[in-house]
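Chemist: Residues 575 to 750 (the working numbering) are what the sequence shown spells out, left to right.
By construction, these hints were calculated from the structure, which means they are not laboratory data. Here the structure is a predicted model, which is why all the values come from computation and not from measurement. Just so you know, not all the hints are guaranteed correct.
Claimed, not checked - Simulated pairs of lysine to aspartate or glutamate, EDC-like, Cα-Cα distance not exceeding 20 Å:
#, residue 1, residue 2
1, K674, D687
2, K674, E688
3, K674, E643
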Amino acid sequence: MKHLRYLAGPVLALAAVLATQPAPSAVLNVPVAARVITFVQPAPVGVVPVAIVYEPGNAASEAEAADMERALSSGITIGRATLRMRRVPVSNLGQLSGFKAAFVTTGLRAYQDEVAAAASAQSVLTITADSACVIGGRCIVGISSANRTQIIVNRAAARRSGIRFGSAFLMLIKEV
Numbered sequence: 575m576k577h578l579r580y581l582a583g584p585v586l587a588l589a590a591v592l593a594t595q596p597a598p599s600a601v602l603n604v605p606v607a608a609r610v611i612t613f614v615q616p617a618p619v620g621v622v623p624v625a626i627v628y629e630p631g632n633a634a635s636e637a638e639a640a641d642m643e644r645a646l647s648s649g650i651t652i653g654r655a656t657l658r659m660r661r662v663p664v665s666n667l668g669q670l671s672g673f674k675a676a677f678v679t680t681g682l683r684a685y686q687d688e689v690a691a692a693a694s695a696q697s698v699l700t701i702t703a704d705s706a707c708v709i710g711g712r713c714i715v716g717i718s719s720a721n722r723t724q725i726i727v728n729r730a731a732a733r734r735s736g737i738r739f740g741s742a743f744l745m746l747i748k749e750v
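Given the sequences, and given the hints that come with them, work out the whole structure.
Modeler: Structure representation (structure tokens):
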């Protein structure tokens, strides 16, 4: 029971972020996505490199990547982790080496298999607003904001990438 006390703060913080989210959006909810990263076990500490996987030349993908960059322009510190973002073009997924997480822009359905293979090989946590990517087992975490923010985790995709989450987090989300 003593260990649950340490989880109370992050769980309450995630609940607060979920409760205060704005209206629906097709763009990834970056504050929630950033909080999700802190629930990976073991918990990240220090500078945590996060990729934004996008398709150059795809206006929607580039716009979403720009929105993500603005949301975390100077990095964000959550707990003992500071997230630092960098764009990675979908045409050069070899650059995922060294990243702990990747925000996958929507509109990359044609590349989801390649993204999944590259992320799995590097044990990169993939997070997207595209629930089809998660349901299809190509992305690990999906964050939707239809009527309320919902987090979906694909158990098989997480296992394939060697990603584990804390039990308190798993009580807050839907697993597929």
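Chemist: With reference to the structure, classify each hint as holding or not holding.
Modeler: Going through the hints against the structure:
With a C-alpha separation of about 19 Å, the suggested pairing of K674 with D687 holds against the 20 Å cut-off. Distance check on the hinted pair: K674 and E688 sit about 17 Å apart at the alpha-carbon level, within 20 Å; holds. Only pairs whose Cα atoms come within 20 Å are accepted, and K674 paired with E643 is accepted, the gap being roughly 17 Å.
In terms of the numbered hints stated before, the structure departs from none.
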